[in-house]
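Chains as they are written, first to last, in my numbering: chain Y, 9 to 342; chain A, 9 to 342; chain W, 9 to 342; chain C, 9 to 342; chain U, 9 to 342.
Hint data in this document are derived by calculation from the structure and do not stem from the laboratory. Fair warning: there could be bad hints in the mix.
Just so you know, same-sequence chains aren't split out, so a pair can sit in one copy or run between any two.
Restricting the straight-line Cα-Cα distance to at most 30 Å, the calculated cross-link-like pairs of lysine-lysine (DSSO-like) are [stated by the list, open to error]:
#1 Lys227 <-> Lys213
#2 Lys213 <-> Lys236
#3 Lys151 <-> Lys228
#4 Lys227 <-> Lys50
#5 Lys339 <-> Lys283
#6 Lys50 <-> Lys89
One-letter residues, chain by chain:
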Amino acid sequence: MKSSDNINPKLSLELYVYEENFFEKHHITDLSQLTPYLSATKKFWLNVVSLDNELLSGIADIFGIHALAIDDIVNSQQRPKLEEFENSLLLVAKMLYTKSDISRIQAEQVSFIIGKNYLISIQEEDFDLFDGVRTRLENPAGKMRKMGPDYLAYTLMDAIIDEYFLLLEKLYDKTEQLEDLIMADHHKSLLSTIYKHRKSMQEIKKVIWPTREILSAWKKSESIFLKKKTLPYVNNIYEHTVEIIENLEMQRESITTLVEIYMTNISLKQNEVMKTLTIIATIFIPLTFIAGVYGMNFEYMPELQWKYAYLSTWAIFIIATGGMVYYFKKKKWF
Amino acid sequence: MKSSDNINPKLSLELYVYEENFFEKHHITDLSQLTPYLSATKKFWLNVVSLDNELLSGIADIFGIHALAIDDIVNSQQRPKLEEFENSLLLVAKMLYTKSDISRIQAEQVSFIIGKNYLISIQEEDFDLFDGVRTRLENPAGKMRKMGPDYLAYTLMDAIIDEYFLLLEKLYDKTEQLEDLIMADHHKSLLSTIYKHRKSMQEIKKVIWPTREILSAWKKSESIFLKKKTLPYVNNIYEHTVEIIENLEMQRESITTLVEIYMTNISLKQNEVMKTLTIIATIFIPLTFIAGVYGMNFEYMPELQWKYAYLSTWAIFIIATGGMVYYFKKKKWF
Amino acid sequence: MKSSDNINPKLSLELYVYEENFFEKHHITDLSQLTPYLSATKKFWLNVVSLDNELLSGIADIFGIHALAIDDIVNSQQRPKLEEFENSLLLVAKMLYTKSDISRIQAEQVSFIIGKNYLISIQEEDFDLFDGVRTRLENPAGKMRKMGPDYLAYTLMDAIIDEYFLLLEKLYDKTEQLEDLIMADHHKSLLSTIYKHRKSMQEIKKVIWPTREILSAWKKSESIFLKKKTLPYVNNIYEHTVEIIENLEMQRESITTLVEIYMTNISLKQNEVMKTLTIIATIFIPLTFIAGVYGMNFEYMPELQWKYAYLSTWAIFIIATGGMVYYFKKKKWF
Amino acid sequence: MKSSDNINPKLSLELYVYEENFFEKHHITDLSQLTPYLSATKKFWLNVVSLDNELLSGIADIFGIHALAIDDIVNSQQRPKLEEFENSLLLVAKMLYTKSDISRIQAEQVSFIIGKNYLISIQEEDFDLFDGVRTRLENPAGKMRKMGPDYLAYTLMDAIIDEYFLLLEKLYDKTEQLEDLIMADHHKSLLSTIYKHRKSMQEIKKVIWPTREILSAWKKSESIFLKKKTLPYVNNIYEHTVEIIENLEMQRESITTLVEIYMTNISLKQNEVMKTLTIIATIFIPLTFIAGVYGMNFEYMPELQWKYAYLSTWAIFIIATGGMVYYFKKKKWF
Amino acid sequence: MKSSDNINPKLSLELYVYEENFFEKHHITDLSQLTPYLSATKKFWLNVVSLDNELLSGIADIFGIHALAIDDIVNSQQRPKLEEFENSLLLVAKMLYTKSDISRIQAEQVSFIIGKNYLISIQEEDFDLFDGVRTRLENPAGKMRKMGPDYLAYTLMDAIIDEYFLLLEKLYDKTEQLEDLIMADHHKSLLSTIYKHRKSMQEIKKVIWPTREILSAWKKSESIFLKKKTLPYVNNIYEHTVEIIENLEMQRESITTLVEIYMTNISLKQNEVMKTLTIIATIFIPLTFIAGVYGMNFEYMPELQWKYAYLSTWAIFIIATGGMVYYFKKKKWF
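The whole structure should be built from the sequences, with the hints applied where relevant.
Next comes the structure, spelled out in structure tokens:
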């Protein structure tokens, strides 16, 4: 067995020994203190706040934990996983939290080793997340003392997942904030109506999907409370849910196409506006230029004295306009 | 057993006791009144209109229902689920309804606990949704009395799902309304033709998909009415349906690409319009400026007296135009 | 048994009784006429052209068909399905057809009940779709008389699915028509090249996908004609098909990105055109205004007499232009 | 047995009879010549270049092939499939080829019937695709003579699939050509960088996906060469591949969003350019009009003589400008 | 057995013979040197740096490796795969690396043949990738010598996959670089906020997905450390994770729609800007032209002397404007 002398002296592990009618809390300063509990009949929870490889290897030696499990625990970039080893079971979870802004989500790895009569939890920093669990463990009336170390692992996982919901709430707030910002400009427009309509469909889908699942589960269930005779009826409403889902999907697709058409419509209208502008500008800008030329005050402009100059100019105006109109007609602009 | 003294006195539970030839309705005001029915041979339905934790825990104690089931019932944010416990089966469903506008869909949780000879239904508020079921239960000729509590649960679920169809109809109305609004502008356009074409394909797909499924089911069925000898033939038409689906998918993809090309086409045309405008404006606006300059009435404008001023101005006009045309040619604008 | 007195007198059911060497056609006007055939050894086909609930319930009583099956048949909004009951098998199919335009697809529900020695087909209106099947049944040399009622059901399904192909052809025509319309404008453009390229890939995929499937089926097949020794070789070409599919997918993704880039490119070019126009217009329009001001013919315009007015105006022109150019440079417009 | 007198006289079937140490090639002109080989111990390959229904039915009669198999072979619109019948196995494949341009892919159906000691291959036109296989069959040292008819079918399928790779290469060439065309315009732009980045990710994914699959296969493999003890380690690297795939997906999504932002950015900039133009034009065009009015040379224009006309005009200019600026401010255009 | 005389003389294979307490390294120059190790009890690793078909066929003959395995090894375009043969197991992997730029990813095929007591690794070029494994093999205290050849294959695969992570890091750098480039322009804009929000959701999803998986694994696990009694609780938090995922998906969809609305909004605003410009320009450009006409200095312009010419011109101005306004109103432009 590995000597635990060289363990960081500042380190102190929390050990909770418990049974239905028993509860003790110890501060472990030397790993050899753990050995007596191993074969004991009492259950215990060892909480380690450190990713120190040496320390964890020491613990692994005592409990016969596979080396790969320790590797997974120490590597804090691990994705959540559950792995079964011969003598124990490894569960790597991630705690998510934000310190201030939702755009900075931080992850903390929390690992659990579940053995026959023990749970070892390993985290990098001490969070107050598990305080509630500690309190419940101290309470002799609670369920936790009666149940095994896997139930303890469950309550700790539960605490972690409850934290996710807090995050989800913050995300919701941000989404709503974005929604307000974007919808502010055109809260009465067609697009916002479509948006709300889509949301209604989402909400129905959110209910109808799991409903289909439970009816499917009913069909397959072998529970004695569900008789075979009822199955054709259940199958009937199961198919109703399938039908509703199909219809929702069809409507969703229709609406997507409608939005596409709406957007193309905007482009088409913009094109029409552009054409109007271009036609008017293209016809009159050159004409205005010609008028401008003969508005110049040069002393020597021979055309000014010509008798039919003015008439000719109007002829030019009319011919130029006619040419332009013909050109635009050919281009099918109007 | 928990004392039921502190149960909200305003509360009254409806209890329906029934058998093929028996029907009774009771108002339960004290939970202890329930005990006699537990071991009885008669079936009963207990309808609870309350999410009061204490009340439900009291009921759970009497029927031996798992504490987690009560948690799920009380938490009205639960998603629909079916969970099997040792002594009973929990089914959490959601009723959906709108009071006026389809954009405000409201959800009401309805939970069912199915036991050996009982059904407990729990809802938050009293809806008239179950009235039809009550009437059918009172009818001695109906099927419901002969069947077990799971059949009763089925009929209640059926009532809930029928409500979904009402919602679906409202959604349809809204979708059609949106369709009318958007298509109004260009009901003869190419896009509306494409939209209708897509809808036709959707409708065919809606029929052909389940047809494929039933032929697949036929192939796998072990029903005595379906002989093995017919299988190769069934397989043959099964493959026809597969082929039709593949072809529909290919056409759908083609049409998506066509719409894309159509939209790009609009952009390209808009670009062309823009170029025409820009070329005309860019050439003539500076020229018009120059003409404007020599149309000014200042007394001291030396150029006005120059002999070749007018000619030079025309030279400038022509050179500027040539430069512009060269520039646009180089940019490949025309 | 239900009295059939109140059956619609106009109703006449077609009954075909057949065996390898026997064929008879009856017109049933009273349901009691059906009873003798039930336990007979001969096979028969009953064709019902009605969704009348009462009539169908009467038939159901005679044949012992589950009430839910009748519900499914009568509800003409049913999606296609296959359901096994104790005494029979229900198959609900949909016939699709168009009267004129492909954009109006109509669906007709056709249901089949397959029993030990009978087939009941139920449709709402009489179509000539099944005429071919009747002719084949009358032909003593045909296969149909030898086979059971499930084979008869297959031939009827076959007739329905053949109808789908007619629809598919009409859809194709419409798709091609749309293609012609959209591609007309730019049949030599890059986009049409991409479109054709994509179609080529689709066509290859259409062949390679089922090829992969059949090689996969070969690998798993337990046919005595396929020896185990050949398997590694088959696996080899199976992997070739997988590779081809992967490559096609990669190319498809590349092309999607290319189209995206192409479209962004158009936007970028349009932006450049816009900028040119804006720069020219923004510089010269204000200058032209100033020139216009001093082209006014008011009698009392003091600036006109100033000696350096003309020079100052040019100074203003140059300064304004410089300012504009500086502003556009700062905005990085050129 | 069907008389083969009416077989097309021009038709000649190729028959290859072979065994490990035996090879003979016959030209069959009458189907009755085939019968002796049926029960023989030698293996043979019959190559039919015709989709003539009568001929194929004749062959089917001799070999006891199911009529549906012949239907599938004759219908050249069949999708590839593998179907097992009692006496034989049908494999329908498609040969793909292009005569010149990749945009015109042509498909040729090739069907195989595999029996106990024979292979029948049916194609519509004679291609030189199978020449290589014939040569290998003539070679006494080759493996092909030792193996059964299914191995022969494999080699023919191999030849067909090799042809697909040629097509794939042509598609690649076309894709690259398109890439060059589109990227030509902006080979240094951000978009082309993104395009290359995406391609890198695709290439990695192409390797990492099957790597994950093989590690998954290792985990599930029951090969004696893979010991159970190594499994946790393999699982470890399996999870690494999963992690890499997840990260690639996350990056891919990020880049899609980035491109979206980039394109929106272009739109926003275009909007800004448009606004600048519109503000300048909207302010100065009306002013220029007013200046133009008072530049007209009518003899009777009373305003021209007014003393404060010029000043008033400037007042109008300033007020109009102010009004415009106020309007644009209110519209939040700048 | 094949003679190995004609093997490339420059070729030298590395052979590592090892056992728990034994390690030897040989340079093989003749394939016949390999035979003694085949039936030996010691384990060995043969590293081949060559894709020479002849050499590999020689090795295959000695070890009884299937010819298809050699085909797969030599064909360096193979996708990664695992294939089981009678006497051995083939694993084809790909090493990925970049020499400089991430946009040029290169792939090197590395194949492994795992036999009873040997591992043969085949690569095309010698990389220093396996140096670490060699060092660990030389170390007598290491685990590698105790384990079989499959463990050795695992460590080599591990080295290859570690290399992927390096690539991934480079990809990340490039993605971040692109992000910086694109976001630079509008780091405070709404779009960048949405982008960050989406990233937060991605990060949560990255944790919550595997968490759901491990809870699902817990539910199905048959480990003795996980008691049945805890299952309902685990199921409870499992459903929480499902709910979180559903909510994230719903939010993601909402945000996608929001971005769509935002982009449509930009188009709509651009349209409005365009309309303003077009209205102003279309009204005033023709008017300015008319004013310009009467600003011309021709000597013979009869209108100039008319008494009501000026008034009439104003009348024309007003009528033209009115007509335009009416036209735009009819077009619903404002």
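Verification of the supplied hints:
1. Lys227 <-> Lys213: both (21 Å within a copy, 26 Å between copies)
2. Lys213 <-> Lys236: Cα proximity of lysine 213 and lysine 236: one copy only (29 Å, versus 33 Å across).
3. Lys151 <-> Lys228: Classified as between; 24 Å across copies, 32 Å inside a copy.
4. Lys227 <-> Lys50: Classified as between: cross-chain Cα gap 25 Å, same-chain 43 Å, threshold 30 Å.
5. Lys339 <-> Lys283: both (11 Å within a copy, 14 Å between copies)
6. Lys50 <-> Lys89: So lysine 50 and lysine 89 pass the 30 Å test inside one copy only (28 Å; across, 37 Å).
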